[in-house]
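Student: Residues per chain are reported as follows:
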Amino acid sequence: MPEALYDIGSGMFVQRGSSRSRIALAGALSAGLVFGLSACADGGDSETSTPGTSLAAIDCSPYKAFGDIKGKEVTIYTGIVTPEDTPHKESYKPFEQCTGAVIKYEGDKAFETQVLIRAEAGNPPDLAFVPQPGLLQRLVATGKALPAPAEVAANVDKDFGADWKAYGTVDGKFYAAPLGANVKSLVWYSPKEFADNGYTEPTTLAELKALTDKMVAAGKKPWCAGINSGEATGWPMTDWMEDFMLRLSGPETYDKWVKHEIPFNGPEATAALDAVGAYLKNDAYVNGGLGDVKSIASTTFQDAGLPILEGTCSLHRQASFYAANFTKGTKVAKDGDVYAFYLPGQDATTKPVLGGGEFVVAFTDRPEVKAFQTYLSSSVWANAKAKVSSGWVSANKGLDIANLKNPIDELSAKILQDPKAQFRFDGSDMMPAAVGSNAFWKQSTAWITGQDTKTTLDKIESAWPK
Amino acid sequence: MTTAAPLTTTPLSKTEGKKLSAAAMAKKKLTSPWASLAAVIIAVVWTIPTVGLLISSFRPQDDIRRTGWWTFFTDPLVTFENYRTVLDPEKAGTNLPDSFLNSLVMTIPSVIIPLCLASLAAYAFAWMNFPGKNFLFIAIFALQIVPLQVTLLPLLQLFVAWDIDGTFWTVWLSHSTFALPLAIYLLHNFIKEVPSSLIEAARIDGAGHVSIFFRVLLPLLTPALAAFGIFQFLWVWNDLLVSLTFAGSPTISPLTVQLSNLTGTRGTAWYLLSAGAFVSIIVPVTVFLLLQRYFVRGLLAGSVKG
Numbered sequence: 028m029p030e031a032l033y034d035i036g037s038g039m040f041v042q043r044g045s046s047r048s049r050i051a052l053a054g055a056l057s058a059g060l061v062f063g064l065s066a067c068a069d070g071g072d073s074e075t076s077t078p079g080t081s082l083a084a085i086d087c088s089p090y091k092a093f094g095d096i097k098g099k100e101v102t103i104y105t106g107i108v109t110p111e112d113t114p115h116k117e118s119y120k121p122f123e124q125c126t127g128a129v130i131k132y133e134g135d136k137a138f139e140t141q142v143l144i145r146a147e148a149g150n151p152p153d154l155a156f157v158p159q160p161g162l163l164q165r166l167v168a169t170g171k172a173l174p175a176p177a178e179v180a181a182n183v184d185k186d187f188g189a190d191w192k193a194y195g196t197v198d199g200k201f202y203a204a205p206l207g208a209n210v211k212s213l214v215w216y217s218p219k220e221f222a223d224n225g226y227t228e229p230t231t232l233a234e235l236k237a238l239t240d241k242m243v244a245a246g247k248k249p250w251c252a253g254i255n256s257g258e259a260t261g262w263p264m265t266d267w268m269e270d271f272m273l274r275l276s277g278p279e280t281y282d283k284w285v286k287h288e289i290p291f292n293g294p295e296a297t298a299a300l301d302a303v304g305a306y307l308k309n310d311a312y313v314n315g316g317l318g319d320v321k322s323i324a325s326t327t328f329q330d331a332g333l334p335i336l337e338g339t340c341s342l343h344r345q346a347s348f349y350a351a352n353f354t355k356g357t358k359v360a361k362d363g364d365v366y367a368f369y370l371p372g373q374d375a376t377t378k379p380v381l382g383g384g385e386f387v388v389a390f391t392d393r394p395e396v397k398a399f400q401t402y403l404s405s406s407v408w409a410n411a412k413a414k415v416s417s418g419w420v421s422a423n424k425g426l427d428i429a430n431l432k433n434p435i436d437e438l439s440a441k442i443l444q445d446p447k448a449q450f451r452f453d454g455s456d457m458m459p460a461a462v463g464s465n466a467f468w469k470q471s472t473a474w475i476t477g478q479d480t481k482t483t484l485d486k487i488e489s490a491w492p493k
Numbered sequence: 224m225t226t227a228a229p230l231t232t233t234p235l236s237k238t239e240g241k242k243l244s245a246a247a248m249a250k251k252k253l254t255s256p257w258a259s260l261a262a263v264i265i266a267v268v269w270t271i272p273t274v275g276l277l278i279s280s281f282r283p284q285d286d287i288r289r290t291g292w293w294t295f296f297t298d299p300l301v302t303f304e305n306y307r308t309v310l311d312p313e314k315a316g317t318n319l320p321d322s323f324l325n326s327l328v329m330t331i332p333s334v335i336i337p338l339c340l341a342s343l344a345a346y347a348f349a350w351m352n353f354p355g356k357n358f359l360f361i362a363i364f365a366l367q368i369v370p371l372q373v374t375l376l377p378l379l380q381l382f383v384a385w386d387i388d389g390t391f392w393t394v395w396l397s398h399s400t401f402a403l404p405l406a407i408y409l410l411h412n413f414i415k416e417v418p419s420s421l422i423e424a425a426r427i428d429g430a431g432h433v434s435i436f437f438r439v440l441l442p443l444l445t446p447a448l449a450a451f452g453i454f455q456f457l458w459v460w461n462d463l464l465v466s467l468t469f470a471g472s473p474t475i476s477p478l479t480v481q482l483s484n485l486t487g488t489r490g491t492a493w494y495l496l497s498a499g500a501f502v503s504i505i506v507p508v509t510v511f512l513l514l515q516r517y518f519v520r521g522l523l524a525g526s527v528k529g
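Protein chains in written order, with our numbering: chain A, 28 to 493; chain B, 224 to 529.
No lab work stands behind these hints: they were computed from the structure. Each hint should be verified, as a subset may be incorrect.
Taking lysine-lysine and the DSSO-like style, the derived pairs with C-alpha atoms no more than 27 Å apart in a straight line are [what the hints assert, rightly or not]:
id, chain 1, residue 1, chain 2, residue 2
1, A, K120, B, K415
2, A, K355, B, K314
3, B, K314, A, K358
4, A, K116, B, K314
5, B, K314, A, K136
6, B, K314, A, K432
7, A, K136, A, K171
8, A, K414, B, K250
9, A, K131, B, K314
Residues from chain A that face chain B, not an exhaustive set, calculated with beta carbons under 10 Å [stated by the list, open to error]:
id, residue
10, I85
11, D86
12, Y104
13, I107
14, T109
15, D112
16, T113
17, G134
18, Q141
19, G149
20, G257
21, T260
22, A302
23, F328
24, N352
25, K355
Virtual Cβ for every residue (Gly too), placed ideally from N, Cα, C.
Here chain A stands alone, though its shape is the one from the complex (with noise of 0.2 Å):
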């Protein structure tokens, strides 16, 4: 601390004897701004919609079970922030004029961190939303969480697959219920590129690889990616190659691989990583509109997928929740500006899905706390936020795709609703973190840059907790 000091120290020597007239100056030019800023803000004011959609009042009954809970209050801690917090609360509002209980919302993105820090320090929120199977094994593991009232288990009995309960379910015991999703397998296209090119999407992964051939024998570089993420640099490279693995060895043979019952760098893993580098790997194919190789790893994942709206780039593959990124006025749907079709499994018959998603989990048993997990995890609610959302879907099969207005999100709840589909949560996100966040990711990071397969697998097999 002591030499920060020294620093603006010497730095102001520079201009020793600083007048009077110029503190003078500094002073009214920021003041100047502060009141220029406010003003703006005020102009600014009447320019906003507020968002109209009034959701129609829901069937009361469920929650009377639970007492009078009028006027008491639920606090909700989660890493959903703007601009997805808004749907959120908009969607607690039937609960709330049903029961008069108050939801207080707290979005912060640190979350992943700071949840553990509150759940052991002995100030938890009544829910939190967890993004992570593996981070639900730490809360639990903490000793304060709840494990889930019979209610919410049979909301989730009756409207979510098997998968997505086991994903909630820590030692044999159902704590959390599934909340939102998110489908990992999509690329990213321009629509008009295709009908212009008579490109069709390619239902098997051997026409997938036609269409890329047929795109660089036109001349172009088909596909473009960027993995660096600030911390998390490296995490789309996992899901690339998670992607591969459900695919080349089937959703059985993953779920071992994620809980490390086969090795990290056993054949399945290598055959995966070298099907991806054949994509990513291959100067050829990337990186559209952003330079070679190497640049994956230093474009942020936000930008990687921006070249497709210049024309530079064809296929992006990346996660339904990318579709906010493109610029304010990109019209996302079939007939517009770009889209995504649904990485396609070996052969059209079978179709693994990767995916995440958040789950509740409750620290109190308020019967307030109950009443709401209820309505959260069930089909009246799925429907009343995807009534407020875009850019939201969740796996709840109860969930009317009419309800959504998102093509992209009717896109997602299709491929997670149809019957073939087989969901696989992101597995990196249940690894132990010394794999998961952290070895796999900075691994991805060196093998894009140069580092060859087998020394990658070999390194993050090593960094698994023995």
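Given chain A, put chain B in place with the hints provided.
Tutor: Okay, now just chain B, sitting in the frame of chain A:
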């Protein structure tokens, strides 16, 4: 402010000849044209990133995302849209105007509390005799080594037990405790430099510890207090970790927490950061410019004699 003058001259008078020549040498060296040129170049180089940030904050969203700020000079497009969005809770999704006030509410007591306690403690360590004084002083000095990160969890447990979690008290108390070791050490060295004749004279006139502290020492302490005040102000204003842990809830969270959430769940709105940064920078810059004259002087006076 005027009372500060005797202090800086008195202790220096013993070594005046040496100091003068050193000062003269420094002056000679610094006024050479090459040194001036070097100073100007360093100043420019250090300012470039900030200027880039400032320019970025006025560029449209598409430009920020696709090109560097330097392209502004060939393609100057200016918009206030970023500032409009950032300052409008409806559009930004985070409430910057409110958190601006929260930051002030957090920072001001977090500066005043340690200053009051540390100046009293520093006086006690410098001019009072009591058993275990040296041991206590070393203990406090050693506390500077403890990284504040390791204290977060135990502190939070304590605050929960006291039932003050989620209030401003948590931040005030924690920032004060984190600041005290350095503050006491810094002010102690400063107070120790006051000539003992001054204190003795006051004692002969019948002054007790209280009147010595308030009438004799406090006026002399102003530069040191101001220097540490600025330092502590900047530290608290820019702190993210402590407020994230203790004051994360939206009603009391400061600017730094809101800024980190401004970019959105998946960082899609990162182009707003430059505008947000300049909103939060206004207060520290103003405080620093207004009080900078104390900064160097106060620190040097406190630290020359170890």
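Student: Next step is simple, just say for each hint if it's right about the structure.
Tutor: Okay, the hints, checked on the actual structure:
{"no.": "1", "hint": "K120/A <-> K415/B", "in the structure": "violated, 63 Å"}
{"no.": "2", "hint": "K355/A <-> K314/B", "in the structure": "holds, 13 Å"}
{"no.": "3", "hint": "K314/B <-> K358/A", "in the structure": "holds, 20 Å"}
{"no.": "4", "hint": "K116/A <-> K314/B", "in the structure": "holds, 15 Å"}
{"no.": "5", "hint": "K314/B <-> K136/A", "in the structure": "holds, 18 Å"}
{"no.": "6", "hint": "K314/B <-> K432/A", "in the structure": "holds, 21 Å"}
{"no.": "7", "hint": "K136/A <-> K171/A", "in the structure": "holds, 22 Å"}
{"no.": "8", "hint": "K414/A <-> K250/B", "in the structure": "violated, 72 Å"}
{"no.": "9", "hint": "K131/A <-> K314/B", "in the structure": "holds, 20 Å"}
{"no.": "10", "hint": "I85", "in the structure": "violated, 26 Å"}
{"no.": "11", "hint": "D86", "in the structure": "violated, 31 Å"}
{"no.": "12", "hint": "Y104", "in the structure": "holds, 8 Å"}
{"no.": "13", "hint": "I107", "in the structure": "holds, 5 Å"}
{"no.": "14", "hint": "T109", "in the structure": "holds, 2 Å"}
{"no.": "15", "hint": "D112", "in the structure": "holds, 7 Å"}
{"no.": "16", "hint": "T113", "in the structure": "holds, 7 Å"}
{"no.": "17", "hint": "G134", "in the structure": "holds, 7 Å"}
{"no.": "18", "hint": "Q141", "in the structure": "holds, 6 Å"}
{"no.": "19", "hint": "G149", "in the structure": "holds, 5 Å"}
{"no.": "20", "hint": "G257", "in the structure": "holds, 8 Å"}
{"no.": "21", "hint": "T260", "in the structure": "violated, 12 Å"}
{"no.": "22", "hint": "A302", "in the structure": "violated, 26 Å"}
{"no.": "23", "hint": "F328", "in the structure": "holds, 8 Å"}
{"no.": "24", "hint": "N352", "in the structure": "holds, 5 Å"}
{"no.": "25", "hint": "K355", "in the structure": "holds, 8 Å"}
In this structure, the hints that do not hold are numbers 1, 8, 10, 11, 21 and 22, in rising order.
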